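Using the hints, position chain B against chain A.
Top to bottom, those sequences are chains A and B. Take the first sequence: its position 68, counting from 1, is numbered 68 in this note's numbering, and each next residue is one higher. Take the second sequence: its position 342, counting from 1, is numbered 342 in this note's numbering, and each next residue is one higher.
To be clear, the hints were calculated from the coordinates, so they are not data collected in a lab. Be a bit skeptical, because a hint or two may be false.
Straight-line Cα separation of at most 30 Å, DSS-like style, residue types lysine-lysine; simulated pairs [claimed, not checked]: (1) LYS58(B) x LYS78(B); (2) LYS70(A) x LYS141(B); (3) LYS138(B) x LYS99(A); (4) LYS138(B) x LYS70(A); (5) LYS156(A) x LYS216(B); (6) LYS58(B) x LYS99(A); (7) LYS185(B) x LYS99(A); (8) LYS99(A) x LYS68(B); (9) LYS120(A) x LYS60(A); (10) LYS99(A) x LYS279(B); (11) LYS279(B) x LYS199(B); (12) LYS78(B) x LYS68(B); (13) LYS70(A) x LYS144(B); (14) LYS138(B) x LYS18(B); (15) LYS99(A) x LYS141(B); (16) LYS199(B) x LYS99(A); (17) LYS156(A) x LYS228(B); (18) LYS216(B) x LYS70(A); (19) LYS228(B) x LYS120(A).
None of these values were measured; they are calculated from a predicted model.
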Amino acid sequence: MAVAAQDVIWAEPPKIGFWESTYLPAILTGLGITTKHVINYKPVTLQYPEVEPDLPVHYKGIHRLNRDEKERVKCVACMMCATACPADCITIVAAAAPKDDPLWVDRDKYPASFEIDELKCIYCGMCEEACPCDAIELTHIYDVTGTTRSEMIYDKEKLLAVYDETKNHPKDPPRTHRGALSGTSEFSTLPPLGPATPVLNDDRSAKAPTPGVIRPTH
Amino acid sequence: MPTVTVNGTPVTFGENEKLNCVQAAQRAGMEIPHYCWHPELSVVASCRMCLVEVGDVKPDGSVAMQPKLFPGCQTPVKDGMVVVSNSPKVETAQKATLEYLLLNHPLDCPVCDQAGECGLQDYSYEYGRGYSRLDEPKNLKPDKDYIGEQITLFTDRCIMCTRCVRFTREFSGTGELQVINRGSKEEIDIFPGEPCDNKLSGNVVDLCPVGALCSKDFLYQQRVWWLKGKDSACAGCSNNCSIRIDQNNDTVYRVVPRPNPRLQAGGHFMCDDGRFGWKYVHSENRLTQPSGPGGVTDWTAVLTGVRETLVKGAAESPKRVAAIISPWATVEEAYLLCSYLKGLSPDIRIGLGPVRVVGEDDTYPKDPAGRPVEPVRFTIRAEKCPNRRGVEAVLQHFQGTILQGSQLVKAAGAGELDVVYVLGGDPELGYSDDDVAALSRVKTLIVEDLLASPLTRAATYVLAGGSWAEKDGTIVNHQGLAQAIRRAIRGPGDARQDGRILSELAQRRGLYHATTVRQELAGVVPALAALIVGDLGDEGIDLTGPAAPVATLQTAGSSN
Numbered sequence: 001m002a003v004a005a006q007d008v009i010w011a012e013p014p015k016i017g018f019w020e021s022t023y024l025p026a027i028l029t030g031l032g033i034t035t036k037h038v039i040n041y042k043p044v045t046l047q048y049p050e051v052e053p054d055l056p057v058h059y060k061g062i063h064r065l066n067r068d069e070k071e072r073v074k075c076v077a078c079m080m081c082a083t084a085c086p087a088d089c090i091t092i093v094a095a096a097a098p099k100d101d102p103l104w105v106d107r108d109k110y111p112a113s114f115e116i117d118e119l120k121c122i123y124c125g126m127c128e129e130a131c132p133c134d135a136i137e138l139t140h141i142y143d144v145t146g147t148t149r150s151e152m153i154y155d156k157e158k159l160l161a162v163y164d165e166t167k168n169h170p171k172d173p174p175r176t177h178r179g180a181l182s183g184t185s186e187f188s189t190l191p192p193l194g195p196a197t198p199v200l201n202d203d204r205s206a207k208a209p210t211p212g213v214i215r216p217t218h
Numbered sequence: 001m002p003t004v005t006v007n008g009t010p011v012t013f014g015e016n017e018k019l020n021c022v023q024a025a026q027r028a029g030m031e032i033p034h035y036c037w038h039p040e041l042s043v044v045a046s047c048r049m050c051l052v053e054v055g056d057v058k059p060d061g062s063v064a065m066q067p068k069l070f071p072g073c074q075t076p077v078k079d080g081m082v083v084v085s086n087s088p089k090v091e092t093a094q095k096a097t098l099e100y101l102l103l104n105h106p107l108d109c110p111v112c113d114q115a116g117e118c119g120l121q122d123y124s125y126e127y128g129r130g131y132s133r134l135d136e137p138k139n140l141k142p143d144k145d146y147i148g149e150q151i152t153l154f155t156d157r158c159i160m161c162t163r164c165v166r167f168t169r170e171f172s173g174t175g176e177l178q179v180i181n182r183g184s185k186e187e188i189d190i191f192p193g194e195p196c197d198n199k200l201s202g203n204v205v206d207l208c209p210v211g212a213l214c215s216k217d218f219l220y221q222q223r224v225w226w227l228k229g230k231d232s233a234c235a236g237c238s239n240n241c242s243i244r245i246d247q248n249n250d251t252v253y254r255v256v257p258r259p260n261p262r263l264q265a266g267g268h269f270m271c272d273d274g275r276f277g278w279k280y281v282h283s284e285n286r287l288t289q290p291s292g293p294g295g296v297t298d299w300t301a302v303l304t305g306v307r308e309t310l311v312k313g314a315a316e317s318p319k320r321v322a323a324i325i326s327p328w329a330t331v332e333e334a335y336l337l338c339s340y341l342k343g344l345s346p347d348i349r350i351g352l353g354p355v356r357v358v359g360e361d362d363t364y365p366k367d368p369a370g371r372p373v374e375p376v377r378f379t380i381r382a383e384k385c386p387n388r389r390g391v392e393a394v395l396q397h398f399q400g401t402i403l404q405g406s407q408l409v410k411a412a413g414a415g416e417l418d419v420v421y422v423l424g425g426d427p428e429l430g431y432s433d434d435d436v437a438a439l440s441r442v443k444t445l446i447v448e449d450l451l452a453s454p455l456t457r458a459a460t461y462v463l464a465g466g467s468w469a470e471k472d473g474t475i476v477n478h479q480g481l482a483q484a485i486r487r488a489i490r491g492p493g494d495a496r497q498d499g500r501i502l503s504e505l506a507q508r509r510g511l512y513h514a515t516t517v518r519q520e521l522a523g524v525v526p527a528l529a530a531l532i533v534g535d536l537g538d539e540g541i542d543l544t545g546p547a548a549p550v551a552t553l554q555t556a557g558s559s560n
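Chain B with its partners taken away, still in its complex shape:
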């Protein structure tokens, strides 16, 4: 296997693998500082932060180093190469590079949103010098708040790494951003009247290693060291981009993409729909308490009422009892509801709720006219729900077939149903007025949802559920990748996460624990057997993969 020596540590890589010095060092657990290089973008080697010494091992065993420094991002590694990033020569170059980058950089860390997660701060601390030798006034450039609907530019903070420019040119293909002027007058700007408003524009804020490009949505909301992040997955469409939810005091302030090699573009990017589309989590319209007939708002009383209704319905005429599980429910919730209802009576019908499809799949990059260009690097799915595949797998197992919820709605409208349990979660409801009218004809309508809607107003029992940021569970994306979503915040008022509601409805022992339920259902549902590992890790588990472990009933849930 080819081997490269980084700072004395041998690093092996594959025969056909193309690595640069930065990646080889990362593999050895070492850091070569860099600003302009990004794994998903082209290499320009313009920031000069990754300068390293490069050499070769000669046949007689001696090492011949090149006299000049090389940019590590632009230098591919080959067998027998020697890379040195900690010699005095390299360290002096790093110091000098940082000094130049900081020449015109304002010292406005106190008011800069990036402070605390800033590449300049980190590298200055690690590789730079702790003082400035500049005694001249700094070059001040005017701020530009017109860059985009969501983006503002603090021009004087920019270090001209051109990551954002390359992103809009290569990845989104829209090419709104460009460098204007030359030399010390260089600035990032847009063409007049052509703001950077594409569906992936929010990514340039993440790409910016300094605080130059900022998100208007997050600007001055929080200092980043106050935010507590929780690894999760975006529920905006069936891509389930891996994200980190940043919250403080039970308020979500932003979501940012989290690298995940199993997802498109390595998980480095996400679309603006997902990035800014979670605001319903803090909607004033959220259900904050359960309710039942006679103005009952106590969870125990409401759940007892629901349970009695379902048990009575299942005993008298199970064919007139049905449930609709939204594709916004997690696998665990679908399993809990299915196993409970099918345990009451196998004749209870369970359907898949409305799968909201908006337009067509939106692919990037695009050409200047907005037409998609091959090869596709990023797709925003038209299917605006996170877990259709997961819920379908559970339904398929418990019922042998996937019953569409629309059939049950029709049956309800025809007066064929007495009790309907609607497990929601879609912030845009997904039921038309006709559907609501049909469902309100049943004797007892039980709705578990997060936002108040015509459906909850028509319901006999309303269960205040949790949004995707408030629950633990598993969601399966369009390609069969099961990822864990994690409870980042507590819900408003008395709202509870759906897993807990269903767990208490089914009178299961102990507290709701997603990992335990996940392992239990892995033993029951063969299509989801790979979930037996319980902890899905940062990257999730591919359910379609050949290496999916085989689950057995004995291990599943035995700890509970």
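The shape of chain A in the complex, shown without the other chains:
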């Protein structure tokens, strides 16, 4: 589609004055910044590994698989993480939970095997975001090594071991709270969820303290 003549705005380069054309003010400003850095010298590099970095709480290192209150793996094998993963590094084999075992009687599905290829992973945290039951989280651990590629494929046991190691670490508090979709999330401790669609004005729940959710008035 052709652009109409009245829609065209002609831009003119700004006029350069005398001092500006000598470049001296710009040079002096630059020298000023350099001098400031020389006087207030603050090193940004760390003497790693002698000095370890103080990582922010949201740092995304290797994954862990959380445990629920009965020490079972929290994951319900919904495969949302594997679906969301842009690097395709999560492989889950689901199975029906062993209902004969009283420990598993309230669960339908569980991961028979759960593998993450930590070499393929790009540590974007999409799996953590996708998880409806707060089962997978990224920890602060970044310095993992392995002598073979297969060693870097973390299986379920290894990921649970990461949880056991990091669960009390100040850098790795439980990060996701809003996993109200699954039986393994802490439903009772959750704040009421906001509605996903606008609440109609004539709706009975519109007058509730939290619109969309009716709470008993006690």
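Below, chain B without anything else, positioned relative to chain A:
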């Protein structure tokens, strides 16, 4: 012509046509949400999801709407009727209905197999509200894994649409499923010790609009959004039910029926033999590479050897060369082999392979004692091969008569044959030990099949072919309906689809392309002239129909 107005759009229908509001809206390209209604089952109007406003155009042109909402599935349309499904009144009713359906429905979409193709998810998104106002604990009911050999029930997910109950009562006639208790205690269950194990039981899983009835075979195997579907036709018997093959990473996970008005019961249903009978596709027994004398496993070398054998045999004594084409071969494969061999020498005999017939045609519905009841709504054919009619049509054209393969086997046993080409494909072989012994007497036995068998062990050349899920082609069912089967997965190892093997054996130009071969053979074989269209579409083409187009040789295959 009678006309009904759906949301302002006029929809015409036939004088004697009986449509309900849901169907009339479908015809206008609109959706009236529904759970309990199914075109092949009786109407109960119990889910209340399809509530619509209904009215009439009065003689003075004004529209008089009824004050109450009507279930669209139970309201037949008539001339001059007005149906409204998008008014605020209807939308409020839809929201309220969904809220009630979801009251006791658990939020276990993460572990539910239906998630991704679930009626509740779709309609909640489309018509429902995005939040729940329920603050009470949900009504939990125990799961029932004893419903059937193939079926498990997650009782708390059920919305009591009773589609499954009506199916077993009206369609299969076996009536295993029923509703027990009343009100909020309602549950689907079986009579103790009478599981739902009839031959059509798998259909209740498809009928279930939510994830309550699940297939044990598919349970937790895959998330449905990973599956890539390919429209095809079932090869289990001569019905050729239209299906969709759902696969991921070259593994078939399930097959589901696909509606097709040209088939029995509108193509909505299929039998369990077809639904679960495709497991041989991934059998460990599959042939994964070709083989020839001296341990050759290279396709070029093996095909060259086969070609030289056939050419030499046809030149020296064509009467001692024969081929047997299984009714599991597609029309294209039969055509490629026939045209190649008859091109070498018209004296080469080609026979029809074993047509496996198991028992008698199994008809549904049945009465409680298992006796068939009229009128028949579904038949499982006794003829357990997909394409007898198609192969016969090709043989009839090339030979003038349909030679039975058993005669050629007998001739082989009598030492009258030197070279026999067996084009197989039947997962259960179809040849007895005596047949194999007879065939192994020929000097050069060439076997193209998918599973290793006594016959392939006796063969000089073995060509690893493709199963029905791995090939493109045409199959013709018992009533003369030609449907396309499509390549959904790649074969194991070095196995190739048979069309490609035969195309390379005949040294045809270009890659094997089923549509091109189909159009070419339509010009050659008059009985299959209707295939000239190339693309058979979703429903297939009726070869016996009066409107079958006339093929000409000029158009056929001219693009290649």
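Taking the hints in turn, this is what the structure says about them:
1. LYS58(B) x LYS78(B): Holds, because 13 Å separates the two Cα atoms, which is no more than 30 Å.
2. LYS70(A) x LYS141(B): Holds: LYS70(A) and LYS141(B) sit about 23 Å apart, inside 30 Å.
3. LYS138(B) x LYS99(A): Roughly 21 Å separates the two Cα atoms, so the pair holds.
4. LYS138(B) x LYS70(A): Roughly 22 Å separates the two Cα atoms, so the pair holds.
5. LYS156(A) x LYS216(B): holds (25 Å)
6. LYS58(B) x LYS99(A): Violated: LYS58(B) and LYS99(A) sit about 63 Å apart, past 30 Å.
7. LYS185(B) x LYS99(A): It holds: about 24 Å lies between the C-alpha atoms, which stays within 30 Å.
8. LYS99(A) x LYS68(B): It is violated: about 48 Å lies between the C-alpha atoms, which goes past 30 Å.
9. LYS120(A) x LYS60(A): holds (15 Å)
10. LYS99(A) x LYS279(B): Given that 30 Å is the threshold and the Cα spacing comes to 28 Å, the pair holds.
11. LYS279(B) x LYS199(B): holds (17 Å)
12. LYS78(B) x LYS68(B): Roughly 18 Å between the alpha carbons, so the hint for LYS78(B) and LYS68(B) holds.
13. LYS70(A) x LYS144(B): holds (25 Å)
14. LYS138(B) x LYS18(B): violated (41 Å)
15. LYS99(A) x LYS141(B): holds (15 Å)
16. LYS199(B) x LYS99(A): Distance of about 29 Å is within 30 Å: holds.
17. LYS156(A) x LYS228(B): The given pair, whose Cα atoms are some 28 Å apart, holds under the 30 Å limit.
18. LYS216(B) x LYS70(A): holds (28 Å)
19. LYS228(B) x LYS120(A): holds (25 Å)
Consistency with the previously given hints fails for numbers 6, 8, 14, ordered from lowest to highest.
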